[in-house]
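Colleague: Chains as they are written, first to last, in my numbering: chain A, 1 to 362; chain B, 1 to 362; chain C, 1 to 362; chain D, 1 to 362.
None of these hints come from the bench; they were simulated from the model.
Predicted, not measured: the structure shown is a model, and the values here were computed from it.
Among the clues, some could well be false.
Remember, identical chains collapse to one label, so a pair may be satisfied in a single copy or spanning two.
Calculated cross-link-like contacts (lysine-lysine; reagent style DSS-like; alpha-carbon spacing at most 25 Å) [stated by the list, open to error]: (1) K307 x K194; (2) K315 x K179; (3) K179 x K307; (4) K362 x K307; (5) K325 x K64; (6) K194 x K64; (7) K315 x K147; (8) K315 x K362; (9) K34 x K147; (10) K307 x K147; (11) K194 x K325; (12) K147 x K194; (13) K34 x K307.
Protein chains: 4
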Amino acid sequence: MKNTFGNSVAVTIFGESHGEYIGAVIDGLAPGIKVDTEYIAHMLTLRRPDGKISTPRKEKDEFKIVSGVVAGTTTGTAITILIPNENVQSGDYSQMKTVARPSHADYTAQCKYHGYQDSRGGGHFSGRITAALVAAGAICRYALMQKGILIGTHVKKCAGVSDREFGNLCVDITELNDKTFAVLDEAAGEDMVKAILQAASEGDSVGGVLETVITGVPAGVGEPWFDSVESMLSHMMFSIPAVKGIEFGLGFGIADMRGSEANDPIRMDGDKVITETNNNGGINGGITNGMPIIFRTAIKPTPTIFKPQNTIDFKTMTETVLEPKGRHDPAIVHRARIVQDAASAIVLCDALAMRFGTDYLK
Amino acid sequence: MKNTFGNSVAVTIFGESHGEYIGAVIDGLAPGIKVDTEYIAHMLTLRRPDGKISTPRKEKDEFKIVSGVVAGTTTGTAITILIPNENVQSGDYSQMKTVARPSHADYTAQCKYHGYQDSRGGGHFSGRITAALVAAGAICRYALMQKGILIGTHVKKCAGVSDREFGNLCVDITELNDKTFAVLDEAAGEDMVKAILQAASEGDSVGGVLETVITGVPAGVGEPWFDSVESMLSHMMFSIPAVKGIEFGLGFGIADMRGSEANDPIRMDGDKVITETNNNGGINGGITNGMPIIFRTAIKPTPTIFKPQNTIDFKTMTETVLEPKGRHDPAIVHRARIVQDAASAIVLCDALAMRFGTDYLK
Amino acid sequence: MKNTFGNSVAVTIFGESHGEYIGAVIDGLAPGIKVDTEYIAHMLTLRRPDGKISTPRKEKDEFKIVSGVVAGTTTGTAITILIPNENVQSGDYSQMKTVARPSHADYTAQCKYHGYQDSRGGGHFSGRITAALVAAGAICRYALMQKGILIGTHVKKCAGVSDREFGNLCVDITELNDKTFAVLDEAAGEDMVKAILQAASEGDSVGGVLETVITGVPAGVGEPWFDSVESMLSHMMFSIPAVKGIEFGLGFGIADMRGSEANDPIRMDGDKVITETNNNGGINGGITNGMPIIFRTAIKPTPTIFKPQNTIDFKTMTETVLEPKGRHDPAIVHRARIVQDAASAIVLCDALAMRFGTDYLK
Amino acid sequence: MKNTFGNSVAVTIFGESHGEYIGAVIDGLAPGIKVDTEYIAHMLTLRRPDGKISTPRKEKDEFKIVSGVVAGTTTGTAITILIPNENVQSGDYSQMKTVARPSHADYTAQCKYHGYQDSRGGGHFSGRITAALVAAGAICRYALMQKGILIGTHVKKCAGVSDREFGNLCVDITELNDKTFAVLDEAAGEDMVKAILQAASEGDSVGGVLETVITGVPAGVGEPWFDSVESMLSHMMFSIPAVKGIEFGLGFGIADMRGSEANDPIRMDGDKVITETNNNGGINGGITNGMPIIFRTAIKPTPTIFKPQNTIDFKTMTETVLEPKGRHDPAIVHRARIVQDAASAIVLCDALAMRFGTDYLK
């Protein structure tokens with residue numbers, strides 16, 4: 001449903017880049033969950049542009065929670081988070097932008113909303129809206145942490161530079177979570193930043209790959225067909241702007257393998273069932289098997305670049321050349337990673353509540 | 001919702017490999033749509049194992065439509081298709097299979113259903129159930145064709161052999177639709193079959209990549225956030241067994257590009273808006289832009305192989321070695337392609353009805 | 001969603017009066033629930049016309065369960081029940097009935113389905129379809145019984161004759177469940193039957209009021225706003241043909257009271273919280289309070305009567321007079337009661353699974 | 001889904017009586033609809049307590065729209081309305097109220113939320129939250145008006161005093177909409193107010209019956225089974241606090257009739273199909289027939305009264321006597337009518353968009 005995701009735990013997001021507030025409503029989260037505003041603020045900080053390799057737009061993200069939380073604890077009813085938009089420079093509000101930026105949603109928004117869409121700063125399609133997703137997801141993620149479920153995402157690849165593989169998941173996740181530029185190998189991260197700055201200096205942008213790992217999810221969650229865990233996670237991930245691909249476990253790599261290489265042998269680890277490899281990313285037949293859930297997403301290069309591009313004016317339906325000005329990111333992959341963490345947390349809260357009831361995260 | 005997909009057009013599937021029927025209910029499809037049983041039968045034939053590179057299980061798929069269709073035309077109310085299971089060789093029904101086949105759903109089904117799952121022939125997790133999806137999707141696909149919306153899938157890659165790129169989409173789609181082994185380049189197809197047979201001769205299996213193209217979808221369909229067209233399609237595709245990845249347009253390939261390479265320049269083609277390239281696969285900001293929708297899925301190698309594999313017996317919770325016997329496919333990628341066509345058709349019927357109303361496909 | 005109801009436990013119904021099968025798919029019911037086919041058959045018998053005060057159509061209701069049940073026990077995956085239509089007398093299939101029966105769905109179906117609806121015997125709008133609801137509900141109801149949740153409905157009023165009030169609920173419910181004509185006071189029941197036969201002899205029909213009581217539902221089920229227990233139950237009840245009203249507890253009677261009369265005082269009964277009266281029908285603020293849930297529905301007189309009625313032919317759009325012939329019920333209230341029981345059971349299974357998880361009814 | 005209603009047009013509400021904001025998100029409303037803030041303010045005024053027969057709590061309802069509206073027009077994306085809570089007198093926030101008010105949601109909230117619920121001023125269960133529903137519904141209702149669909153509700157009965165029947169619907173609806181105490185017969189209204197004041201003077205409260213009529217809805221809207229128009233409307237109406245019953249057309253009155261009296265004869269009115277009577281309230285088989293939709297709801301007397309009542313303290317689980325103090329309404333039926341108007345508008349927007357597409361109300 002458009003701007004609402006979830007069945008038992010449902011998140012609704014709203015807002016435009018230059019409106020008064022963006023925000024989210026989280027409905028169905030169990031009562032009695034501690035809501036750590038420092039943690040939410042920290043997550044929002046990690047999403048925020050840092051000025052060097054991101055848009056210089058200042059976003060303070062001074063969110064407030066206006067419903068569903070009393071004395072730092074969830075009440076069990078709908079939680080609403082508001083994030084004011086500050087530092088807005090909309091210019092002439094009355095003039096609709098009608099030159100479509102290539103590979104943006106400008107033209108598709110026009111087809112869907114017939115000119116009534118808010119076009120200021122990307123409107124409802126702005127990456128800015130992901131701040132609401134991050135705030136909502138931060139509450140979910142914190143709740144999951146209390147149940148031993150950890151989520152971590154790193155920039156697996158950016159501008160052709162690759163990070164190292166995950167090693168000890170607990171250690172790696174913990175380290176990642178405090179990093180502004182989330183890589184496991186700092187040297188690789190520095191190379192990525194250099195490559196981003198290089199692209200920026202040329203008026204261009206870069207993309208990348210994000211890898212997320214989720215540990216501690218019990219076996220037996222998810223559904224055999226249409227609500228497979230992969231279905232739910234991918235549904236959510238493709239809601240994040242710029243995501244153009246997702247793969248679980250070995251993903252596209254598994255397509256080139258033989259079954260004898262790809263299959264994950266099962267064995268006992270004490271009284272726990274584990275697999276020796278995790279090529280299926282923790283999911284078999286749509287249902288979790290107790291191993292870490294692993295997936296990667298492809299993040300396209302930021303479509304706004306500072307080079308002339310052929311496009312159309314969809315008001316006059318004539319061809320024109322666009323030379324964008326303003327504040328934009330030469331890369332968003334490092335910022336999207338916290339969105340991916342948050343979005344994953346929302347999916348898991350919903351899936352766990354569907355499986356074990358609405359009090360599960362209490 | 002588990003076994004139901006869709007909001008305005010909703011498909012429910014049911015059945016087990018060795019039950020009396022598998023089937024589907026399609027609800028919400030417009031009244032007055034011609035239902036071509038020959039076409040459905042043809043689609044089921046394309047999904048059916050052919051004996052050489054597939055399981056020798058004979059599946060006649062003598063489906064019948066028992067509701068929602070009168071005089072070969074949809075009534076507008078729920079359509080139910082039943083497909084009897086024939087040639088069932090269940091052996092001892094009373095003995096629950098408790099040795100988990102690696103990378104199958106055996107163990108996860110146990111975690112979810114606590115031993116009550118039907119384990120005969122894979123039960124509800126059997127690829128057999130996709131016949132129901134194909135039959136339901138065939139009705140949807142036929143309806144879309146009447147509106148000029150065409151869907152085609154080819155085996156882009158299998159066992160390391162690649163098919164050629166799509167060329168003229170109309171021609172290619174039409175050709176693909178009649179092929180048992182859907183490749184654009186027959187020579188590549190022959191190499192794939194050889195590679196599959198080679199793997200089979202070694203008791204092994206192979207995977208592959210499927211590529212789907214959908215033409216004729218109007219611009220302006222889909223939602224900005226949680227019901228992006230990518231979200232809806234990926235949700236559905238990950239319901240198909242063995243799919244472990246999906247990518248739209250350039251997908252993971254776009255992650256290595258710069259914005260200046262990746263962006264799709266827009267121009268006029270007469271009075272129609274088109275893009276010069278289609279790196280975004282026909283979707284911007286979650287909404288269709290009128291260009292062909294293009295996506296690829298990663299199909300893992302069939303997990304059932306004829307080599308000894310380490311696993312556990314989940315009844316005794318002890319380790320054991322599995323040496324599967326029975327009828328199995330060394331590859332399913334060529335059969336999965338018709339499932340992907342059908343599943344795509346269901347998603348589109350739903351998305352179009354949500355956008356334009358329940359009579360749109362009439 | 002049209003023909004699907006429920007979030008965690010979802011029921012889909014399908015079929016037409018003169019099609020091959022009607023049926024239902026129950027998805028999401030916990031694994032390990034005993035499925036008693038005798039019980040289902042008994043419920044179907046109670047719904048079946050008995051020939052004296054009902055249509056003489058013979059319905060054997062030889063249902064079969066074709067998925068989701070193995071060895072008499074739910075597997076946890078979608079359960080499909082098929083009920084063949086027998087004794088069908090469709091006459092000329094090719095001739096669409098275009099004279100609208102007043103207060104039937106003939107004309108509204110035409111407006112919605114544009115002439116493609118199956119008009120034979122009422123098609124998808126036939127009360128016949130409720131047999132599928134009864135079969136699906138019977139499985140749910142049996143599952144609830146194992147958890148101590150009992151459901152009973154009596155004909156509170158029919159043709160102006162009233163049954164007595166509920167007394168000892170356990171005793172009354174048990175007695176009701178075996179009765180063909182479910183009244184608490186046999187004498188009242190006999191008067192009702194007489195009144196029905198009198199109406200029938202005049203070519204007319206009668207309506208009535210059904211009262212349902214549900215005991216054993218734990219406190220704390222339901223949602224504060226849009227998914228209140230009253231919302232869920234009423235949503236379902238208005239799906240039953242002929243229901244034109246529903247009221248909980250005192251219902252419309254409470255509208256004339258003062259708060260001091262209407263409020264239910266609360267007290268302890270041992271360590272259990274109870275209310276002295278139950279004017280709110282077991283629900284406060286949309287959420288169960290542990291007291292019996294009580295509601296009544298208004299069932300309109302069967303619209304098919306054997307008297308001339310003014311109406312239109314919606315093909316020619318001209319006025320005409322209808323004099324129905326064929327097999328029809330002079331009353332359906334006594335048959336609808338088992339539908340109401342069954343439908344209630346479906347709602348409760350869904351609400352309980354949403355609250356306590358998918359294994360709750362195991 | 002708890003606090004979200006609707007499929008194509010979805011409304012989410014949030015907030016607590018003593019939180020910073022209450023509010024609503026309306027998602028899926030067509031782009032290009034004029035949003036008249038004066039109209040919304042007027043609707044909120046009609047819901048507001050007026051001091052004489054209502055709680056003296058001052059509610060200014062200075063709402064603001066923070067997303068989804070630009071230049072007084074819907075953009076087509078999620079609309080968020082915030083209404084600040086003013087004049088809050090929460091007293092000691094730290095002390096949970098644990099004495100359950102009879103027939104309130106206090107005890108059921110405790111069972112569901114385990115003591116974490118916000119108990120200040122009724123929290124999330126407060127009638128205050130209906131202001132959000134009114135604001136959201138006002139936008140929907142205004143949009144419907146532009147399409148010729150009018151909604152009006154009057155106090156059919158209050159404290160035993162009855163209003164007159166509807167006459168000329170257009171005239172009556174127009175008159176009702178400007179009235180603070182919505183009756184068709186002013187003299188009856190005065191008697192009702194007197195009766196309310198009498199009850200108030202005795203520390204007691206009264207209930208009533210609301211009747212809603214909706215004109216201009218096209219025929220063919222709604223679904224045959226689970227999403228009948230009655231199902232959708234009743235689902236929504238039982239979300240309004242204090243509603244304990246709903247009936248369509250003649251409702252419970254039809255249960256005592258014979259078919260020959262109850263059936264609505266159909267005839268032509270020029271080229272329009274109408275029924276001579278409207279005993280079915282504009283709906284047959286769950287689908288609109290083009291006649292006015294008519295329904296009535298039973299509103300229970302405000303449970304908060306100023307008389308001692310037996311109850312329990314659910315913290316100590318001991319019996320006690322409650323003597324409420326504070327600000328409360330001796331009747332809410334006259335305020336609930338605007339909530340009923342608004343809630344009806346939301347349902348209709350959703351049903352129409354499902355039927356005719358998301359641009360229907362544009």
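Colleague: I want to check one pair: K315 and K147. Are their C-alpha atoms no more than 25 Å apart within a copy, between two copies, both, or neither?
Modeller: Neither: 53 Å inside a copy, 27 Å across copies.
Colleague: As a check of your reading, is K307 near K194 (CA-CA no more than 25 Å) within one copy, between copies, both or neither?
Modeller: within (20 Å within a copy, 48 Å between copies)
Colleague: Should K194 paired with K64 be assigned to within, between, both, or neither, using CA atoms and 25 Å as the limit?
Modeller: For K194 and K64, neither the intra-copy (36 Å) nor the inter-copy (45 Å) Cα distance is at most 25 Å.
Colleague: Go through the copies and call it for K34 and K307: within, between, both or neither, with a Cα cutoff of 25 Å.
Modeller: Intra 48 Å, inter 38 Å, cutoff 25 Å: neither.
Colleague: When no copy is specified for K194 and K325, does a C-alpha distance of 25 Å or less occur within a copy, between copies, both, or neither?
Modeller: within (23 Å within a copy, 55 Å between copies)
Colleague: Could you place K307 and K147 in one of the four classes (within, between, both, neither) given a Cα distance threshold of 25 Å?
Modeller: neither (48 Å within a copy, 39 Å between copies)
Colleague: Within a copy, between copies, both or neither: which one fits K325 and K64 at a CA-CA cutoff of 25 Å?
Modeller: neither (32 Å within a copy, 32 Å between copies)
Colleague: Since the copies are identical, ignore which copy is meant and state whether K147 and K194 lie within 25 Å (CA to CA) inside a copy, between copies, both or neither.
Modeller: Result: close neither inside a copy nor across copies, 39 Å intra and 50 Å inter.
Colleague: Check K34 against K147 for me: Cα-Cα at most 25 Å, and say if that holds within a copy, between copies, both or neither.
Modeller: within (12 Å within a copy, 33 Å between copies)
Colleague: Give the relationship of K179 and K307 under a CA distance limit of 25 Å: within one copy only, between copies only, both, or neither.
Modeller: So K179 and K307 fail the 25 Å test inside a copy (32 Å) and across (45 Å) alike.
Colleague: Should K362 paired with K307 be assigned to within, between, both, or neither, using CA atoms and 25 Å as the limit?
Modeller: Intra 52 Å, inter 37 Å, cutoff 25 Å: neither.
Colleague: Classify it for me, K315 with K179: is the Cα-Cα distance of at most 25 Å met within a copy, between copies, both or neither?
Modeller: Neither. Shortest intra-copy (44 Å) and inter-copy (44 Å) distances fail the 25 Å Cα cut-off.
Hints 2, 3, 4, 5, 6, 7, 10, 12 and 13 from the earlier list are contradicted by this structure; the remaining hints agree with it.
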